[in-house]
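Dock chain B against the given chain A, drawing on the hints supplied.
Line order of the protein sequences matches chains A and B.
Heads up: the first sequence runs through residues 0 to 289, numbered per numbering that gives the first Met the number 0.
Heads up: the second sequence runs through residues 0 to 289, numbered per numbering that gives the first Met the number 0.
Just so you know, the hints here were simulated from the structure itself, not pulled from any lab data.
Incorrect hints may appear among the rest.
As the list claims (entries may be wrong) - What follows is a set of in silico ranges between Cβ atoms, one per label pair, in the way DEER data are often shown:
| # | chain 1 | residue 1 | chain 2 | residue 2 | range |
| --- | --- | --- | --- | --- | --- |
| 1 | A | 15 | B | 227 | 36 to 44 angstroms |
| 2 | B | 20 | A | 31 | 33 to 41 angstroms |
| 3 | A | 28 | B | 227 | 28 to 36 angstroms |
| 4 | B | 162 | A | 31 | 20 to 28 angstroms |
| 5 | A | 277 | B | 162 | 48 to 56 angstroms |
| 6 | A | 15 | B | 160 | 17 to 25 angstroms |
| 7 | A | 237 | B | 224 | 51 to 59 angstroms |
| 8 | B | 249 | A | 3 | 54 to 62 angstroms |
| 9 | B | 15 | A | 237 | 28 to 36 angstroms |
| 10 | A | 15 | B | 253 | 47 to 55 angstroms |
What the hints assert, rightly or not - Among the chain A residues that face chain B by a calculated CB cut under 10 angstroms, a handful are:
| # | residue |
| --- | --- |
| 11 | 27 |
| 12 | 74 |
| 13 | 115 |
| 14 | 122 |
| 15 | 145 |
| 16 | 193 |
| 17 | 238 |
| 18 | 257 |
| 19 | 261 |
Predicted model, so just to flag it, every value in this text is computed and none were measured.
Yeah, the Cβ is synthetic: ideal placement off N, Cα and C, and Gly gets one too.
Protein chains: 2
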Amino acid sequence: MDISARIESAIQQAIAEGQAGSAPPRLAQALDYAVTPGGARIRPTICLHVALACGDDQPALADAAATAVELIHCASLVHDDMPCFDNADIRRGKPTVHKAYGEPLALLTGDSLIVAGFEVLARAAQHDPARAIELIKIIGTRTGMPYGICAGQGWESEDQVDLSAYHQAKTGALFIAATQMGAVAAGQAAEPWQELGARIGEAFQVADDLKDALCDAETIGKPAGQDEVNHRPSAVTELGVEGAIQRLKDVLSGAIESIPPCPGEAALAQMVRKTAERLMPASASVHAAE
Amino acid sequence: MDISARIESAIQQAIAEGQAGSAPPRLAQALDYAVTPGGARIRPTICLHVALACGDDQPALADAAATAVELIHCASLVHDDMPCFDNADIRRGKPTVHKAYGEPLALLTGDSLIVAGFEVLARAAQHDPARAIELIKIIGTRTGMPYGICAGQGWESEDQVDLSAYHQAKTGALFIAATQMGAVAAGQAAEPWQELGARIGEAFQVADDLKDALCDAETIGKPAGQDEVNHRPSAVTELGVEGAIQRLKDVLSGAIESIPPCPGEAALAQMVRKTAERLMPASASVHAAE
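The shape of chain A in the complex, shown without the other chains (with noise of 0.2 angstroms):
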């Protein structure tokens, strides 16, 4: 099975566990509603490709590890994009879940798909207790507070902002439970990967503080212009579009760089490439082409 109807195939396990029996049938739907269509899936890319670099001895775990991902990322979309924070009407291009389902069933949505995280790493346990401890010490830091994507979305409330932190938590966090726990699903020790994971986290901030300042809605599938209607930090603000640009294609060097030592390393390394291909939005490459 190639990575992503491994990916597809586990996330779809994970929601049918939270359909089963006399589920209430509206919340049930939404969850499917708030995974689907899958968008890229990068989290979960890299959590398996990490994995398969690692050397995936345990195949489900790495499923079980990218599915946690994945949706608790989903669950920070339906959360992020309520009326009390981003009040946003259309995800991935459908209405979003409070928009579909309101206001109740998209919190319950969230917080089911935080709990579905866990679950899903408790049920890999059986194949190996130990890393699944430590799977879920993970993803239990890059969620909550005071290292995870909640800390990070609490900075907005705050007066005075520590950006490093704020950033590395915002966005850094979730990548960094990709790269850690795709090596702890194959049996390595998660500290040495978690440089990757904050630079691939870091250069998806640069690319995305990008397309809110180029792109029109329709391109980046969400309102445009954001950070500055919101006073938000963003890098290009900071640097300016062409320091911005400038920082994306540092940060992935560095991000290449930090691979540690492992059987596909190449591979990847090659990955990175593709995903940094993917970053740069068309109207930065003509800025950078200028």
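Okay, now just chain B, sitting in the frame of chain A:
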């Protein structure tokens, strides 16, 4: 250390973990605000009583189990109080989290507390990985979909409600988690302890319905008469006040009968009886005596 001191100490430690390092300060404060003052801490108290009745051979695991149940309970209160659900201004005699910190931080506080509930169990896994995995599975099942408190709340967005599934999930789930996790933390099987939790949960539901119908807002620390206002199913609507009081007594007798054989069986029955006395609203006792 007595049970109450164990619970408060374990909860404070879990919250401190979430506030460490470079946490966003207001969200860090809100975590503490959401779990203190603690109310009766009924679920973790039941959890520790069951662990003690089963020998409590791993107190650190039992403390983690009790903490996890309470953190998830507090998370559900924070989210349920939000404007899209109960829109409550006051909880435990002080402003609700969204009133004190705003909706974005209330949403994130709930999310962070859910995550913290899983993290506290993962950290305690060093004492016994197999039991910790089992505890994580139980709290997951009783929090998320299809059988947890998320499912219970989800039923309130359905036109056709499966009343038994609704009550079991909405109120019963965390009491089942409390009894089962107390037993598992002490090395016993979970299954025989489900009925005790379910019956205590049912008793609380009936008592809550009675309080909502009979008491004023000041006595119960939240707006009264909400079941009628929101057309929620209620034992009082279904059976009348006298019928609901009789139901409460029957359910508590059943709870005591259901206690599995264990070293601390008698003490546990005494704890359930005491809980029953606290559950009966004063005005219901008057009704019952009339």
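Going through the hints against the structure:
1. A:15 <-> B:227: 36 to 44 angstroms: Holds, at about 38 angstroms.
2. B:20 <-> A:31: 33 to 41 angstroms: Because 36 angstroms falls inside the window, the suggested range holds.
3. A:28 <-> B:227: 28 to 36 angstroms: Roughly 30 angstroms apart at Cβ, these two residues keep to the hinted range, so it holds.
4. B:162 <-> A:31: 20 to 28 angstroms: holds (25 angstroms)
5. A:277 <-> B:162: 48 to 56 angstroms: holds (50 angstroms)
6. A:15 <-> B:160: 17 to 25 angstroms: holds (23 angstroms)
7. A:237 <-> B:224: 51 to 59 angstroms: holds (54 angstroms)
8. B:249 <-> A:3: 54 to 62 angstroms: holds (55 angstroms)
9. B:15 <-> A:237: 28 to 36 angstroms: Once the Cβ atoms are compared, 34 angstroms apart, the range 28 to 36 angstroms for residue 237 of chain A and residue 15 of chain B holds.
10. A:15 <-> B:253: 47 to 55 angstroms: violated (34 angstroms)
11. 27: At 7 angstroms from the nearest chain B Cβ, residue 27 of chain A passes the 10 angstroms test, so the hint holds.
12. 74: holds (8 angstroms)
13. 115: holds (6 angstroms)
14. 122: holds (7 angstroms)
15. 145: holds (3 angstroms)
16. 193: For residue 193 of chain A, the interface hint is violated, since the closest Cβ of chain B sits about 15 angstroms away, which is over 10 angstroms.
17. 238: Violated: closest Cβ of chain B sits about 23 angstroms from residue 238 of chain A, beyond 10 angstroms.
18. 257: violated (22 angstroms)
19. 261: Since chain B brings no Cβ nearer than about 26 angstroms to residue 261 of chain A, farther than 10 angstroms, the hint is violated.
Comparing the model with each numbered hint stated earlier shows that hints 10, 16, 17, 18 and 19 do not hold.
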